Amino acid sequence: MFNTIDEYLDALKDEMKDADSALIQDAQADAREHLSNALTASREKNPETSESDLLKKIIEEYGTPEETASANREVEKRTSPALDQTIAPRSLLGRFFGVYIDPLAWGALLYMLIAFVTGVFYFTWAVTGVSLSISLLIFIFGFPVALLFLLSVRGLVLVEGRLVEALLGIRMPRRPLFSHSDMKWFDRLKALVSDKATWLMLIYMLIQFALGTVYFVVLVTVLSISLAFMALPFIQLFSDIPVFNWGDGSVYLSYWQLTLFSIGGFLLWTIFMHIARGVGQLHGKMAKWLLVTE
Amino acid sequence: MTELTVQTKKFQKELNAGTSSLVLLSVLSRSKEALYGYQIAKMLEESGDIPMMKQGTLYPVLRSLEDSGLLESTVEPSVSGPPRRYYKITKDGRSSLEEWLEIWKQTKKFVDSILKG
Chain A
1 MFNTIDEYLD
11 ALKDEMKDAD
21 SALIQDAQAD
31 AREHLSNALT
41 ASREKNPETS
51 ESDLLKKIIE
61 EYGTPEETAS
71 ANREVEKRTS
81 PALDQTIAPR
91 SLLGRFFGVY
101 IDPLAWGALL
111 YMLIAFVTGV
121 FYFTWAVTGV
131 SLSISLLIFI
141 FGFPVALLFL
151 LSVRGLVLVE
161 GRLVEALLGI
171 RMPRRPLFSH
181 SDMKWFDRLK
191 ALVSDKATWL
201 MLIYMLIQFA
211 LGTVYFVVLV
221 TVLSISLAFM
231 ALPFIQLFSD
241 IPVFNWGDGS
251 VYLSYWQLTL
261 FSIGGFLLWT
271 IFMHIARGVG
281 QLHGKMAKWL
291 LVTE
Chain B
1001 MTELTVQTKK
1011 FQKELNAGTS
1021 SLVLLSVLSR
1031 SKEALYGYQI
1041 AKMLEESGDI
1051 PMMKQGTLYP
1061 VLRSLEDSGL
1071 LESTVEPSVS
1081 GPPRRYYKIT
1091 KDGRSSLEEW
1101 LEIWKQTKKF
1111 VDSILKG
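Heads up: the sequence lines are chains A and B, in that order. Per the working numbering: the first sequence ends with 294, consecutive numbering throughout. Per the working numbering: the second sequence ends with 1117, consecutive numbering throughout.
Bound-form chain A, shown alone (with noise of 0.2 angstroms):
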């Protein structure tokens, strides 16, 4: 527990080191205020009671300090938005490194990854959908299959939106869109066909297919090629194999071309975490285009 109040600003300050300078110093100073007026009149009430045990009981009901850095942040939130996103101004340097500790980055290749195997499945399913439901139309069971499969869709896209979300970053809805359940199925129906979400949706799980195999490509080549790089050294000094062989001769690199190679490789995949992360935030716009109706 803390035996001064300065011992409690610490810890204030710690927890909130994180937050805008300026809301650290209001909050240290409104503690700073409350704290002292408590114990000068909780002293004067117990004289006997020691300066720790008084500073325990105030502390209770001015809140720990993460209560009060909880607070802080909260209202600040609400007040000025804005300040939220305000990044401290790094080097360029610094950000052009930094994009290894950025989640966005890391979420939007494994979203790249992902997209493959979703993107092939939604194809699938969009594809069978649409021409089962097609054909079928003929018999009167056509209905309620066609009906099923739009059903099906507005799920998938719902789930997709989740995907989007927690990789990308992008804001996506976490209730399906409104689906008209107290219609009659085959009205249900009309109005599923006659919504535009409902073809954008599918559009969106076409071109999935298509963006998904391009995202896996890239991103296979280009990790490939920046860890052949990288590898270049050991590979040439540790197991003596040959960069290339030219028609009877072998080529082998000298100490620094190696090192060029290496770091070059390092320097490709991590400008491609840049491009990853510019194409994954594109990809979320678009998910909000097509996925997302006002």
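Everything labelled a hint here was simulated from the structure, so no lab data went into it. Here the structure is a predicted model, which means the values were calculated and not measured. Where is the CB? At the ideal position from N, CA and C, for every residue including glycine. Careful, some of the hints might be misleading.
[Said to hold, decoys possible] FRET-style restraints, in silico, Cβ to Cβ:
1) B:1022 <-> A:77: 16 to 26 angstroms
2) B:1069 <-> A:185: 53 to 63 angstroms
3) A:255 <-> B:1010: 23 to 33 angstroms
4) A:77 <-> B:1091: 24 to 34 angstroms
5) B:1043 <-> A:52: 19 to 29 angstroms
Once you've looked at the hints, dock chain B against the given chain A.
Just chain B now, with coordinates in the frame of chain A:
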């Protein structure tokens, strides 16, 4: 900490987020003289049996009310400790309070009627 108390704490916090501004404005509107934070906290403590909010959560609300011009504050040195910041309600604050009270009455009526069923 059990799931229940976490949820209850969260609920309490969300409720307080709206009501603490109203409570603070109302306390300051009734007081003839300017009050400093510790005084306000003590007054709130005395008027309720159960402590509804931690005293530390009042200060950011006071600051935000001052930011939006509903309160004004002056700093005065004190004999016993650091200078105290005295808060006073402004004209804007009083008219906001009137509107907020109306909203609060309606909200209370509405919630009560729903809860009664």
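Verification of the supplied hints:
1. B:1022 <-> A:77: 16 to 26 angstroms: With Cβ atoms ~19 angstroms apart, the hint holds.
2. B:1069 <-> A:185: 53 to 63 angstroms: holds, 57 angstroms
3. A:255 <-> B:1010: 23 to 33 angstroms: Distance hint for residue 255 (chain A), residue 1010 (chain B) is violated at roughly 60 angstroms.
4. A:77 <-> B:1091: 24 to 34 angstroms: holds, 28 angstroms
5. B:1043 <-> A:52: 19 to 29 angstroms: Since the Cβ atoms of residue 1043 (chain B) and residue 52 (chain A) sit about 27 angstroms apart, the hinted range of 19 to 29 angstroms holds.
The structure is inconsistent with hint 3 alone, although it conforms to all the rest.
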